[in-house]
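Just need the whole structure built from these sequences, with the hints factored in.
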Amino acid sequence: MNAKKLLGVAVPVMLLFGCGVSEKTNTSKQEKTEESKVKESKSNSKKEKVSKEDYPNKVYKLGVEFDKLFAEHNNITREVFDGKKKKSDIVDSVKELNKVLDKFESIDPPAEYVNQQKDFEKAISYFRESFSLINEVFTRKEKREKGDKTDKELIEKSEKLVKEGDIYWLKAFKDLEGDIKIGDGTVSMKDLKELDKKAGINTDNVMKNVKDGTELIGNWGFQGTDGFNMSLILKGDKTFETYGKGEYPNKKNYIEGTWEYDKEAFTIYLHLNKRLVDGVEDTIQKKKIAYKVQDYDGENLRLFNETSFNTIKYVKQSYVGLGLNGLVLH
1 MNAKKLLGVA VPVMLLFGCG VSEKTNTSKQ EKTEESKVKE SKSNSKKEKV SKEDYPNKVY
61 KLGVEFDKLF AEHNNITREV FDGKKKKSDI VDSVKELNKV LDKFESIDPP AEYVNQQKDF
121 EKAISYFRES FSLINEVFTR KEKREKGDKT DKELIEKSEK LVKEGDIYWL KAFKDLEGDI
181 KIGDGTVSMK DLKELDKKAG INTDNVMKNV KDGTELIGNW GFQGTDGFNM SLILKGDKTF
241 ETYGKGEYPN KKNYIEGTWE YDKEAFTIYL HLNKRLVDGV EDTIQKKKIA YKVQDYDGEN
301 LRLFNETSFN TIKYVKQSYV GLGLNGLVLH
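Quick note: the sequence shown uses the UniProt record's numbering, first residue 1, plus one each step.
Honestly, the hints are just simulated from the structure, not real lab data. Please read all numbers here as calculations on a predicted model, not as lab measurements. Mixed in with the good hints, there may be bad ones.
Stated by the list, open to error - Straight-line Cα separation of at most 27 angstroms, DSSO-like style, residue types lysine-lysine; simulated pairs: (1) Lys-61 with Lys-171; (2) Lys-99 with Lys-181; (3) Lys-84 with Lys-152; (4) Lys-235 with Lys-288; (5) Lys-263 with Lys-157; (6) Lys-118 with Lys-58; (7) Lys-174 with Lys-49.
Right, here's the structure in full:
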C-alpha cells in the first residue's frame with residue numbers, strides 16, 4: 001500500500017453478507033471468554049517505550065501491516081463463499097489481525113502523542129469486539145438455541161463496531177499526517193497529500209463521499225458547447241453502459257457489463273460482457289478493467305487507469321464541468 005493511501009486506512013466493512021442468516025446462536029459465553037483472553041493478554045504484555053522521533057513512523061508501518069492483513073482477510077472471506085477456502089482460514093486471519101493490534105497496544109507513547117495513542121486504543125477496542133463476533137460466526141456449533149442471535153444480526157453488529165472504531169482510527173492518523181516521514185524523511189505524508197490535491201487527486205473527498213459505491217450511480221459524461229455528452233452510465237442494479245463520444249444513445253461504439261466498487265482500494269471494477277465496434281459485436285480482449293477513483297464530490301468524478309495511464313474527468317448529468325477525454329478501455 002502506498003503512503004498516500006494510509007490516511008485513508010479506514011478498516012473496511014466486513015464482506016460477510018448472506019452467511020447463514022436464518023441460523024441462531026448463543027454467543028455470550030464465548031464472547032466473555034474471548035474478552036477475558038484479550039484483557040489477560042493486554043495486562044501481561046510488556047510496554048515498549050517509543051521516542052517522539054520514532055512514534056509516527058512506527059504506527060504508520062503497523063497501519064500498513066494491518067491494512068494488508070485486512071485486505072487478505074476480505075479476500076479469504078470471498079474465497080470461503082466461493083468454496084475455495086475453509087471457515088478456519090477466516091478464524092486464522094482474525095488471529096493475525098489481532099496480533100498486529102497487540103503491537104499497537106504494546107506501545108508506550110511519548111508525551112507528545114499520548115492522545116493519538118488513546119485514539120488508536122479506542123479504535124482497537126471496537127475492532128477486537130467486531131473480530132470476536134466474526135470468530136463466533138465461523139466457529140459456532142450447528143445446533144442453535146431458540147431466541148439466540150442470527151448470523152445476520154452478528155454480522156450487522158460487527159460492521160457497526162468497525163465503523164465506530166474507524167472514527168478514532170482515522171482521527172489518529174489524520175493528527176499524525178504532518179509527522180509521518182516518507183522516503184528519505186524530507187517529505188511528510190501531509191506534503192504528499194497537498195501535492196496530490198494540486199494534481200487534482202483528493203482521496204479525502206473519496207473517503208468522505210463514497211461509502212459503498214452507490215453514491216457513484218448516475219449518468220456521467222462531458223459538458224461541451226453542444227450540451228451534455230453521455231459517456232458512462234452506472235446503474236443501481238450494478239450494470240453499466242459506455243458510449244462513444246457524442247454517440248449516445250446510438251450503440252455504434254458501445255460496451256455493457258457489470259460493475260463493483262472496492263472501498264479499500266478506492267477502485268471501480270468494470271466487468272465487460274458485450275462490446276460493439278462500428279455497430280459490430282467485437283471480441284473482448286480484457287474482461288475486467290480497474291479505475292482508481294481519485295476524486296468525487298457528488299458532481300465530479302475523476303478516474304485513473306493504472307495500465308493505460310488514462311485519466312478521465314467526468315461530470316454528472318445536469319452539472320457543468322470539463323472533461324479530458326472519453327472512456328478508453330484497452
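Given the hinted pair Lys-118 and Lys-58, is their Cα-Cα distance within 27 angstroms? holds (15 angstroms)
Please work out if Lys-174 and Lys-49 have their alpha carbons no farther apart than 27 angstroms. Roughly 22 angstroms between the alpha carbons, so the hint for Lys-174 and Lys-49 holds.
Tell me if the straight-line CA distance from Lys-235 to Lys-288 falls inside 27 angstroms. Holds, at roughly 17 angstroms.
Does the structure keep Lys-84 and Lys-152 at a Cα separation of 27 angstroms or less? Given pair Lys-84, Lys-152 holds - Cα atoms ~22 angstroms apart, limit 27 angstroms.
Please verify whether Lys-61 and Lys-171 have alpha carbons no more than 27 angstroms apart. holds (17 angstroms)
Straight-line alpha-carbon gap Lys-99 to Lys-181, limit 27 angstroms: Holds, at about 25 angstroms.
If you draw a straight line from the CA of Lys-263 to the CA of Lys-157, is it 27 angstroms or shorter? Within the cut-off at roughly 19 angstroms; holds.
Against the hints set out earlier in the document, no violation occurs for any number.
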